[in-house]
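Chains as they are written, first to last, in the working numbering: chain P, 1 to 208; chain C, 209 to 416; chain Z, 417 to 624; chain D, 625 to 832; chain S, 833 to 1040; chain W, 1041 to 1248; chain R, 1249 to 1456; chain B, 1457 to 1664.
Quick caveat, the hints were computed from the structure, so don't treat them as lab data.
Be a bit skeptical, because a hint or two may be false.
[As the list claims (entries may be wrong)] Short, incomplete list of chain W residues facing chain S, as computed with Cβ under 10 Å:
id, residue
1, G1053
2, I1145
3, L1157
4, I1163
5, G1164
6, G1174
7, N1203
8, S1208
9, T1212
10, S1216
[Claimed, not checked] Simulated crosslink set (EDC-like; lysine to aspartate or glutamate; CA at most 20 Å straight-line):
id, chain 1, residue 1, chain 2, residue 2
11, P, K205, Z, D564
12, C, K229, R, D1355
13, Z, K621, P, D148
14, Z, K430, C, E265
15, C, K279, C, E304
16, P, K205, Z, E624
17, B, K1503, B, E1484
18, S, K903, S, E839
19, D, K749, S, E839
20, R, K1373, W, D1110
21, R, K1295, R, E1456
22, S, K883, S, D902
23, R, K1288, C, E225
24, Z, K467, Z, D486
25, Z, K437, C, E225
26, D, K664, D, E678
27, D, K675, D, D731
28, C, K279, C, E215
29, P, K14, D, E681
30, S, K957, D, E681
Beta carbons: idealized from backbone N, C-alpha and C, even for Gly.
8 protein chains.
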Amino acid sequence: LRSGFGEVVYCRGKSIEHFIKIFQSFYEKGVDILGTRASKEQFEALKAIVKEAEYDELSGVIKVVRSHPDKIGNIVVCTGGTSDIPVAEEAAQTAEFFGSTVTRIYDIGIAGIHRLLSQIERIGKANVVIAVAGMEGALPGVIAGLIDKPVIAVPTSVGYGTNFKGVSALLTMLNSCAEGIAVVNIDNGFGAAYMATQINRLAVKGNE
Amino acid sequence: LRSGFGEVVYCRGKSIEHFIKIFQSFYEKGVDILGTRASKEQFEALKAIVKEAEYDELSGVIKVVRSHPDKIGNIVVCTGGTSDIPVAEEAAQTAEFFGSTVTRIYDIGIAGIHRLLSQIERIGKANVVIAVAGMEGALPGVIAGLIDKPVIAVPTSVGYGTNFKGVSALLTMLNSCAEGIAVVNIDNGFGAAYMATQINRLAVKGNE
Amino acid sequence: LRSGFGEVVYCRGKSIEHFIKIFQSFYEKGVDILGTRASKEQFEALKAIVKEAEYDELSGVIKVVRSHPDKIGNIVVCTGGTSDIPVAEEAAQTAEFFGSTVTRIYDIGIAGIHRLLSQIERIGKANVVIAVAGMEGALPGVIAGLIDKPVIAVPTSVGYGTNFKGVSALLTMLNSCAEGIAVVNIDNGFGAAYMATQINRLAVKGNE
Amino acid sequence: LRSGFGEVVYCRGKSIEHFIKIFQSFYEKGVDILGTRASKEQFEALKAIVKEAEYDELSGVIKVVRSHPDKIGNIVVCTGGTSDIPVAEEAAQTAEFFGSTVTRIYDIGIAGIHRLLSQIERIGKANVVIAVAGMEGALPGVIAGLIDKPVIAVPTSVGYGTNFKGVSALLTMLNSCAEGIAVVNIDNGFGAAYMATQINRLAVKGNE
Amino acid sequence: LRSGFGEVVYCRGKSIEHFIKIFQSFYEKGVDILGTRASKEQFEALKAIVKEAEYDELSGVIKVVRSHPDKIGNIVVCTGGTSDIPVAEEAAQTAEFFGSTVTRIYDIGIAGIHRLLSQIERIGKANVVIAVAGMEGALPGVIAGLIDKPVIAVPTSVGYGTNFKGVSALLTMLNSCAEGIAVVNIDNGFGAAYMATQINRLAVKGNE
Amino acid sequence: LRSGFGEVVYCRGKSIEHFIKIFQSFYEKGVDILGTRASKEQFEALKAIVKEAEYDELSGVIKVVRSHPDKIGNIVVCTGGTSDIPVAEEAAQTAEFFGSTVTRIYDIGIAGIHRLLSQIERIGKANVVIAVAGMEGALPGVIAGLIDKPVIAVPTSVGYGTNFKGVSALLTMLNSCAEGIAVVNIDNGFGAAYMATQINRLAVKGNE
Amino acid sequence: LRSGFGEVVYCRGKSIEHFIKIFQSFYEKGVDILGTRASKEQFEALKAIVKEAEYDELSGVIKVVRSHPDKIGNIVVCTGGTSDIPVAEEAAQTAEFFGSTVTRIYDIGIAGIHRLLSQIERIGKANVVIAVAGMEGALPGVIAGLIDKPVIAVPTSVGYGTNFKGVSALLTMLNSCAEGIAVVNIDNGFGAAYMATQINRLAVKGNE
Amino acid sequence: LRSGFGEVVYCRGKSIEHFIKIFQSFYEKGVDILGTRASKEQFEALKAIVKEAEYDELSGVIKVVRSHPDKIGNIVVCTGGTSDIPVAEEAAQTAEFFGSTVTRIYDIGIAGIHRLLSQIERIGKANVVIAVAGMEGALPGVIAGLIDKPVIAVPTSVGYGTNFKGVSALLTMLNSCAEGIAVVNIDNGFGAAYMATQINRLAVKGNE
Ligand SMILES: Nc1ncnc2c1ncn2[C@@H]1O[C@H](COP(=O)(O)O)[C@@H](O)[C@H]1O
Ligand SMILES: Nc1ncnc2c1ncn2[C@@H]1O[C@H](COP(=O)(O)O)[C@@H](O)[C@H]1O
Ligand SMILES: Nc1ncnc2c1ncn2[C@@H]1O[C@H](COP(=O)(O)O)[C@@H](O)[C@H]1O
Ligand SMILES: Nc1ncnc2c1ncn2[C@@H]1O[C@H](COP(=O)(O)O)[C@@H](O)[C@H]1O
Ligand SMILES: [Mg+2]
Ligand SMILES: [Mg+2]
Ligand SMILES: [Mg+2]
Ligand SMILES: [Mg+2]
Ligand SMILES: [Mg+2]
Ligand SMILES: [Mg+2]
Ligand SMILES: [Mg+2]
Ligand SMILES: [Mg+2]
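Go ahead and model the full structure; you've got the sequences and the hints to work with.
Shown next, in the form of structure tokens:
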């Protein structure tokens, strides 16, 4: 099913041994591999064996990429604040791994809506937008109200108190009065990117 | 304590007899009376006795007003949608009852943020803003991000599903990243107006 | 913004007068109108004035359509059970109103997964799938695991006890391990259809 | 009451001294002992005294077994993912401790339902199935829909965000539309195994 | 799959037309039919067409039974209070419909534990026990602590305040320290009876 | 107000400096002092200064007692399991500190109700009972159903999964069908003991 | 067990037939009977048969009393607002039914704390206080901070929005920093009165 | 917008590098800087570079202040207990940073309401009050009932068990029956101070 999508490993909670075994078995098959939520320790164990492994510490994404086809289309990934960037990077790097061109537009949260308005034209050019926000999570709804492309909303666990580890942002997004918005699990940059890639492909290649 | 504030009756759930007894006892004292959450039936029973009683069916507010001092200052009451107007009217009429000038700016919710932006200058002139919103409840935060006056946020129970009868809007408002915002109970237009009136008086008269 | 999308009215909770006023103002502009969550009473008041108004009692959808462009693409709408059909019809009729071809595949819930498997090829041909389910809400995840098109999951409030009016289905969908799935509010057939239409257009016409 | 069931110790949170005292008193009585949720530290203190003590680090199960009667019947223990295996092993080893034959079928979660379908005949041969799953927790319901033996569902705390430490999986299981399913506490492999053993005995020996 | 189990219809929320259509189609096939959560109105519409239809108003169970095989084994259904009886009857009648002998032991809740103790021997003779309780829901756990047969716990929505429509009873049952207990959805007498029947069959006939 | 009750310090979260300062100021006044939720580190710092300070590591209770009046009456403190003993000891030692005779009856939880029944006569002789239980928390209700003295129920946070850190036990206790029971906060042995002491005094001395 | 306590019937949800049957069987035994949460319809059916039956519409309490022993001791029942009176009357009349002298002090909620302070001496004379409050539920804690007798706190479901039908008041009471307070279920006037009567008896008669 | 308000940095969760970069860029602009929720480690890194940086360990507030205009008006900051002081200090120092005169009145919680009453006149002189409380959180409501100035309520996460990390205090405040109160997020001293400063300015300078 996941043809053209490479292999994905959710690394959190996996022991080093188990983690290495999975990567090696995929590596031997010659496919590209994406690891999410990987610790530095996991990466270092992998690096010792697989030289071309790359790691982004901020998001915990590992990439082992050998094929380099052209990237297609345009997915905009944006965030409300700087604390949302780790989740946004999980999304952005996943989308790139799956072959999409990604435009990053970070820290445009509504506290100062003018920053967002100045970027809205650029955002509206995307085939699909991934909007990442914590705390009250209003960003995706505001964007969806201003553009006519699908917006995938990613609530983050950034915040405190009644944020309830992302629940506040999640509810905001599910209740958005704006049109053209759907939501994934809290902090699930990967899931947003997967669906965005599907949409981006449909926009570029149609339903092949 | 509530000098200059008249008497207030929370009518919901009170039997007609009890309701009438309370109004009559205040009426005989000669003070102005505000009733909130009153049913049409309660009002009609009152009207038969107290001719000058007025009723706003939308918000369920009853007023028995005999003093007519000038209204002071400026409180803006705004709403996200038209369904929030009953709560907004409870706020607006309470604030007027307590002697404040009220500016109503309804249905400027963020689904189309341009409507809000076109009103923002008018809103910013207030001494204090009451922002009423249901569903995702982003309006108060967006306003607070654009003006430098205190915003009292009123979540409403308008919505369905994960709105959880106003909880979604409440959480959004409590988690707002914007500055200068505080929140009252779901649908509590009265409470917002009371505090707004205190602030409006301070702005006009200082701490007498 | 909503160019080519007609006008939409959320009818629930609106007084007959208010409801009629809104429809009339849009009717006079000559645009197509979609009403969701309308009561029979609201529809009958409208019908007396606007002859071409149509009503689907099951879903509460009103349509006033005068333009009849060809429908494009393919959106599959499917449900777990028969009780989910009202929400599915809100989605299906919304998508049709906005110009998409819709394929309905109802009552294929996982209690008997063979019914679902026998339809999976048809489902996989869609540009995008709207999967509607109540109770445990597993259908969208199972579909997303079997096809490679985006799935928009709609939890419904169908169920009892620990279903908590749709919360159980919602959580299932947000936590799905399958790839290519995003979620809208409980019972929000309209929202799912709006986003599905955006994706369907991208698949047929690209990013114009 | 627990005749033929040996003695069981829930080790989590017990001080080494208290833990050792309990094990020793049972050991002196000559009965078999099962410890659940034991730490490595607890085990090592025990091992120093009781040579035949065995420990499974993954599940935290300790066994002190001196009687070796034949195992009877057939309990299938299966999991959705690899992260659910610790809980599954608590179940499997408990069932074995109490004298049941156990068949392990792990990592057949619905993300790829074909893996599950290829095993369903083997699963259906059990007297009773223990189905362990985290995240959206759909596995037990899907199995219950495909076989006609009782399924004991064990939600795990595996997941993040709206998983709420297993609540999402629990609700899915409680709301399953499939027939022949009941649920135990989150991560409670022991409880599932106890009841499965009771059923397995009934199936093999009837109500003696 | 449900061979020898007849057909089951969940009647709540179905329109009379839809309801009648389903019953008729099963009736024509000649199978036995069980309807749960049926209203009196639904039953009367059915009775006009299907003479042998029977109805239990307390539990809302409809039966259309033409085969009369001997009942087998022994399932005890017990309740904490008299308000739990509707749910218990849904369970008892479902179990009888599927061919099990049922022993009813109602109103033995723990407020007076002596009533329960005086019945415990009779309860312990069952192959499987269905224990139904609302409010604090302690009954199933107390029974499971006293007998060595599997107990299926059914929380009911009977209670008020912090009962939260059955959540309190559900949590009690999920957290029971007693062994040999598993839980179904709030008020789900049907689900408990289905699984109890599976176990009862295994006890009488083994794994055929 | 708290005449004859000594001084109480809630130690958790207090810095060593702050903690010592409070104890010293009370010590200089010559009153008896009770500290709850104290860490070993806090105690050791105190011990260096106040020689007669005593510490119970299990419950975290510190006592500095110089008056030794006779203890009066009879408060029974009982627990469901051994893990509840720290909370029970907070209660027992608080009650003793305030001058009550305490009878400890631990580990009589309902998993084996016979242990409880064998102690019930002794329990029933108390003036008031403090019943401490975690997990499903059924113990206080069972006791209240068997005796006619007031029972103060203390839910503990002992458990896992759907125990939700004591919420399950709390709800059980609030919903108990037995008569003569009231509840304090989760793990609040101190609060239970305070009220039990008030009742014990009334029973011995009447309303002086 | 309930010697000297008469018989109690919880009437809510019982059919007229069932309700009458229970009352008649107790009536024939010659004992006093207390019915709580009774509807007017239930009462009228009873009145037709049992002439001495009395009914309090506000609280839904039915009394059939033939013995008239002297009332003893002193229980104060107080409320925060007038809307809490139905619950308070359930408590007051229950306590009287069980033979306690009751002092009612209503509508002294903290909005104006001076009303409470002016009554505090009278309240402090009680053997035990039942404090009933809805909304934020602060009354019992404030009283407990001012007197040294046990306070039984009864949260009511009076309020709206984030009151969550009494949960807000319940949590306030469970978290009270004042000493000598325990809590019963939301709206459970009966339970509070039962325990208060036990304490009142101990204060007057000691542990007989 | 934030003219005259200086720059604010929310430090929690920011890496030392990122943190330093932000402070430096503001420092170079010559503006005053307030950092909230800063760790000691962050402060020390800053101190090495910016000599005039000050740090309050209790509240985690960093100040870099070079302008020293006169402070205006009067904001009272009060707390229920000593554990609430860190949050109160975040509020107090923020208000001072923005140019308000602050009066601190700590540890006047309602357990002993007399302490509060003895301070109420001083509190009532403020232009606006920030009332900080954990546990049951009754303090702000009691104050608001006694004075006629706006009260901004700050729930804190101080407490345990059913406090649910501040939720109990939050709900109390949202449901307060007193007039002139609004609420901010749990532990959000900063947000309260910002709004209090706006109100204080209005009181001193009017709406300039
Ligand atoms: N960050 C993530 N969040 C959610 N799901 C993920 C994430 N990363 C990977 N996955 C999913 O987890 C699967 C791999 O799980 P596993 O076999 O346990 O490594 C992938 O196929 C993805 O569907
Ligand atoms: N809509 C409202 N929401 C919240 N509180 C209200 C409302 N209307 C009135 N109140 C308060 O309720 C008090 C009157 O309560 P009562 O004495 O029960 O009529 C007034 O003094 C107000 O403080
Ligand atoms: N374990 C406890 N749980 C709840 N409240 C307590 C506890 N221990 C002491 N207290 C209360 O906390 C007060 C002391 O608080 P503090 O002044 O912060 O030390 C005492 O007077 C008691 O009312
Ligand atoms: N303690 C706090 N709680 C909530 N918001 C804060 C706090 N401190 C600062 N802020 C807000 O966070 C903004 C700075 O965020 P950042 O750009 O991430 O440093 C400030 O402008 C404030 O609006
Ligand atoms: Mg849009
Ligand atoms: Mg602002
Ligand atoms: Mg897929
Ligand atoms: Mg099955
Ligand atoms: Mg058992
Ligand atoms: Mg009792
Ligand atoms: Mg007290
Ligand atoms: Mg006030």
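Going through the hints against the structure:
1. G1053: violated (28 Å)
2. I1145: Because about 17 Å separates I1145 of chain W from the closest Cβ in chain S, which is outside the 10 Å limit, the hint is violated.
3. L1157: With Cβ-Cβ at 8 Å, under 10 Å, it holds.
4. I1163: Since the shortest Cβ distance to chain S is 13 Å, the answer is violated.
5. G1164: violated (14 Å)
6. G1174: With a minimum Cβ separation of about 8 Å from chain S (threshold 10 Å), the hint on G1174 of chain W holds.
7. N1203: holds (5 Å)
8. S1208: holds (4 Å)
9. T1212: holds (5 Å)
10. S1216: Interface hint status for S1216 of chain W: holds (5 Å vs cutoff 10 Å).
11. P:K205 with Z:D564: Within the cut-off at roughly 14 Å; holds.
12. C:K229 with R:D1355: Roughly 16 Å between the alpha carbons, so the hint for K229 of chain C and D1355 of chain R holds.
13. Z:K621 with P:D148: It holds: about 14 Å lies between the C-alpha atoms, which stays within 20 Å.
14. Z:K430 with C:E265: Status holds; Cα separation ~14 Å.
15. C:K279 with C:E304: holds (7 Å)
16. P:K205 with Z:E624: holds (13 Å)
17. B:K1503 with B:E1484: holds (15 Å)
18. S:K903 with S:E839: Judged against 20 Å, a Cα distance of about 18 Å means the pair holds.
19. D:K749 with S:E839: Violated. K749 of chain D to E839 of chain S sits at ~24 Å, over the 20 Å cutoff.
20. R:K1373 with W:D1110: The hint is violated at about 26 Å.
21. R:K1295 with R:E1456: Violated, at about 37 Å.
22. S:K883 with S:D902: violated (23 Å)
23. R:K1288 with C:E225: Cα-Cα ~19 Å, so holds.
24. Z:K467 with Z:D486: violated (23 Å)
25. Z:K437 with C:E225: violated (39 Å)
26. D:K664 with D:E678: The hint holds at about 11 Å.
27. D:K675 with D:D731: Since the Cα atoms of K675 of chain D and D731 of chain D sit roughly 34 Å apart, the hinted pair is violated (cutoff 20 Å).
28. C:K279 with C:E215: holds (18 Å)
29. P:K14 with D:E681: holds (14 Å)
30. S:K957 with D:E681: Roughly 39 Å separates the two Cα atoms, so the pair is violated.
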